[in-house]
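2 protein chains.
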Amino acid sequence: MSSAPPAGPTPSGSNLIGVVGGGQLGRMLALAGIPLGFRFRFLEPASGCPACDLGEVIRADYHDAEALAAFGRGLLVVTYEFENVPAAALETLAAGVPVFPPPASLAIGQDRLREKEAFARLGIPTAEFRAVDDRLGLDAAIQAIGLPAVLKTRQLGYDGKGQRVLREPSEVGPAWEAMRGVPLLLEAFVKFRRELSVVCVRGAQGGVVHYPLGENVHQDGILRTTRAPAAGVSDRMKKDAEAIGTALLKDFGHVGVLAVELFDAEAGFLANEIAPRVHNSGHWTQDGAVTSQFENHIRAITGLPLGSPEVRGWSVMVNLVGDAPDPARIVGVPGAHLHLYGKKPRPGRKIGHVNLVAPSPEGLEMRLALLGEVLPLDRA
Amino acid sequence: MSSAPPAGPTPSGSNLIGVVGGGQLGRMLALAGIPLGFRFRFLEPASGCPACDLGEVIRADYHDAEALAAFGRGLLVVTYEFENVPAAALETLAAGVPVFPPPASLAIGQDRLREKEAFARLGIPTAEFRAVDDRLGLDAAIQAIGLPAVLKTRQLGYDGKGQRVLREPSEVGPAWEAMRGVPLLLEAFVKFRRELSVVCVRGAQGGVVHYPLGENVHQDGILRTTRAPAAGVSDRMKKDAEAIGTALLKDFGHVGVLAVELFDAEAGFLANEIAPRVHNSGHWTQDGAVTSQFENHIRAITGLPLGSPEVRGWSVMVNLVGDAPDPARIVGVPGAHLHLYGKKPRPGRKIGHVNLVAPSPEGLEMRLALLGEVLPLDRA
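Protein chains in written order, with my numbering: chain L, 10 to 389; chain W, 10 to 389.
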C-alpha cells in the first residue's frame, strides 16, 4: 500500500493530485478531494504517514531528483501541505506540472522576514521588525525596537518553535548563543487582546472567499482551540481582516487557501504570520461551514468554482495534543466530530482534533461543558 | 495499491475494519470511518473498485476460502456493503471475527420472501404475497392475490432488476418462462401515493436512532432522488415508520444501519423492502444531517455511541446515473455537494450523487431550479 510505485504516465485529463507531504493536512485534503472524483499521490519521506492510506505514496526525500520526477509524472496539479518544502523541489516540479499555491507564496510563507516585508509593502500593519544577521545587528535591532522583543528564526518555525522572548538585556547574550547560525529576525513584543485568524481562498479564476474570523488560543506555543465565528467581531474588523487577506492573495497571485494570523490589538489588527495552505485554525470548517477549507483548497487548485464559506452553526475546534481520550467519550458529546490523524501519541504531538458544533452560541457553551468532562479545555 | 496483500496479523486492539465489497458504499464508509481513526480492508473481486484507494484490497472471489481467511485476519469487525454477499462467506468470517450487521439480518435482507415473512411476523403491514415455487404455485398465487400483481425473484434483486408487473392473464405465461428456474414471489400490486424510506441505526449497546423520513422517486427502477425531510409527514407517520424500523432492528438483533422502504398508501404504510446496510436513500445525510449514515454505521459496528440524526437544513439527493455533467457546473450551484464514486460512466450505472442542501424549504426550491439547469431533474 504505502510504498506502491506510481502507476506510470497518466493521460492528459488526469484526475491525480500530487501533494508534497503526507501529514494530516494531506490526509484531510484527500478525504475532501476524493468525493469530487480526484485521486491522490503523496511525496513523503516517512513511512506510515497520516495520508498514506489515501493514495499512492512516493516514499522519498524531497531532494531526490528521481523521486521528484516520478512524483510529478501524469499529475493534474501539485500542491503542498506544509511550508517547509524545499523551494528547489517545487521549482523542479513546476517545470512539468502546475504548482498551486504558486512557489512565490511558499517562498514568502516560509520566511518570517519576507512575510513582514510583504505586510509592510502592502501597507498591512504588523509589529515593528528588523532582520538580524549578526550580533551587531541584534544590538542595533534592540536599540531600534526596545525590549521586550521576540527573537525568531526566519525559517522552519512553527508551533512556537524557533523563538525566544527577550525581556531583560541579560537575556540577549544567551539567546544569541542559542539561536545564532541561522538567519534571524527581531520583532517588537506586541500587546494584544487575542489572536484571530482569517482563512481565505482564491480560485484559479481569481475569485476570493473568506471564512468568518476564528479566535485562536495557544498553549506552550501550540494551537489549542479555535472558536468560529469569533465573538465580538465588528463589521469594521471583518472588513479589515478580509482586506488584508485579499491584498495578500492578490499580491502573491495565490491560488488555494491562505491563512493569516492577526493580533487583535488596541489600535487594530497587526498581521503576525501567514500560512500559504490549509491551516489548523480553519479545521472547524469541516463541520461548521458549508464548504470546508480542504474542499475549497481542492476546488481552487483544480479550477472548480469555490464553495460557500458560510457557517453552519457555532463551532469550537479543539486540538488533541499528546494523547487522545477514549474516542467513545468524545463522540458521545452531542455535536462533537472526531478527526484523528492516524498518528502515534507522543507528548506535544497533534494527533487529531474535535470539531464541536451547535446551532446557537448558548448551545455551544452547554456542549463545551460536556466536552470539558472528557478533554482538558482550560482555555477554550 | 489496489491489490496489495494484507499486512499480516494485526494485534488485538486492531483498528482495521473489513468490508465485504468495494463499491461506492464501501468507499463512503471508509471516507466516514478514517477520520474516526479506523483503517479499512476490502474483499472485492473487481479491479479499480470505488473503494480501492481507501485501504487494503484483497482481490478475490467471495467464495475463495484462502482469501476469506486472509481477509479476516486481524480485523476488528467485518461489515458488508451489499446484500448479495454469499451467506456462507459471512459465516466463515463470523467464526473468527464479529460480523455486523449480523448474518441473520443479511439472510432476511437478501430474500424478498423472508422480508415479507418478517414483516408479517412482526405485524408490519405489507402487500399481500405468496411464495411461488412452480407454475401451479404461480396460478394459485394469482388466484389468491388477483391481478395486477408483481412477480419478483426472491434473491439478487436490486434497482428494479428481477421483477415484472403482471396486468393481464396473457402476461403470466411469458413472465413465467422468463423468470422460472429461481425462487419467486408474487405480490399484490399496491396503489400508493409515494415511496418513503426510514433509515435507522442500532448501536452495539442496543440504542436506536432514526433519520427523518425521506421521499424517494424512482425512474426505470433506479432511485433518482430522495428529499429529506419528506414533506407532509405527520407525527403519526413518523411514529409508525420509526416503530417499524425499531421492530425490525430489534427482531434481527441488528447492529448498524438498516433502511426500510415504505409505501405511503391510503390505509397507512406498507413496508416494501429492507436493506440491512447503508442505503442510497440515506446518502443525503452526508451533508444534510449532523451525523451521516456512513459514520453512524461505523460507530454502531465498532461499539461507539451513535451520533445525532438531526437534519442540518432541507436536502435533496440526486443520483448521477449513466454519466455526469461537468463537475464545475454542479459544484457551482450553491449548497451542492458532489460525491463521485470513481466509476466509469455507463448507461444505467450510478456513478455518483449530488446532495443539495439549503437552510429553508424555499431556499431549497431556488437551488433546485439552479441545479435543474445542470442536471436532468424531471421528477425531483
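I should point out that these hints are in silico values taken from the structure, not numbers from a laboratory. Any given hint could be a false lead.
It does not matter which identical chain is used: a pair holds within one copy or between any two.
What the hints assert, rightly or not - Each computed SDA-like pair below joins lysine to any residue, with the alpha-carbon atoms no more than 25 Å apart:
hint	residue 1	residue 2
1	K248	A76
2	K352	R48
3	K352	E204
4	K248	A136
5	K352	G277
6	K353	G312
7	K259	V181
8	K247	A103
9	K247	P368
10	K359	V181
If you're wondering where the values come from, they're calculated on a predicted model, not measured in any experiment.
How the hints compare with the structure:
For the identical chains of this complex, K248 and A76 are neighbours neither inside a copy (44 Å) nor across copies (60 Å), given an alpha-carbon limit of 25 Å. Taking CA atoms no more than 25 Å apart as the test, K352 paired with R48 passes in both settings, with 22 Å inside one copy and 12 Å between copies. Taking CA atoms no more than 25 Å apart as the test, K352 paired with E204 passes in neither setting, with 28 Å inside one copy and 45 Å between copies. When the C-alpha separation of K248 and A136 is checked against a cutoff of 25 Å, the pair qualifies only within one copy, where the shortest distance is 20 Å, while the shortest distance between copies is 61 Å.
Neither within a single protomer nor between protomers do K352 and G277 lie at most 25 Å apart by alpha-carbon distance, with minima of 39 Å and 52 Å respectively. Taking the shortest alpha-carbon separations for K353 and G312, only the inter-copy value of 22 Å comes in at or below 25 Å, while the best intra-copy value is 35 Å. With identical chains, the CA atoms of K259 and V181 are never at most 25 Å apart, being 38 Å at best within one copy and 71 Å at best between copies. For a Cα distance limit of 25 Å, the shortest separation of K247 from A103 qualifies neither inside one copy, at 35 Å, nor across copies, at 57 Å.
Taking identical chains as interchangeable, the C-alpha atoms of K247 and P368 lie at most 25 Å apart whether they share a chain (22 Å) or sit on different chains (23 Å). Taking the shortest alpha-carbon separations for K359 and V181, neither the intra-copy value of 31 Å nor the inter-copy value of 67 Å comes in at or below 25 Å.
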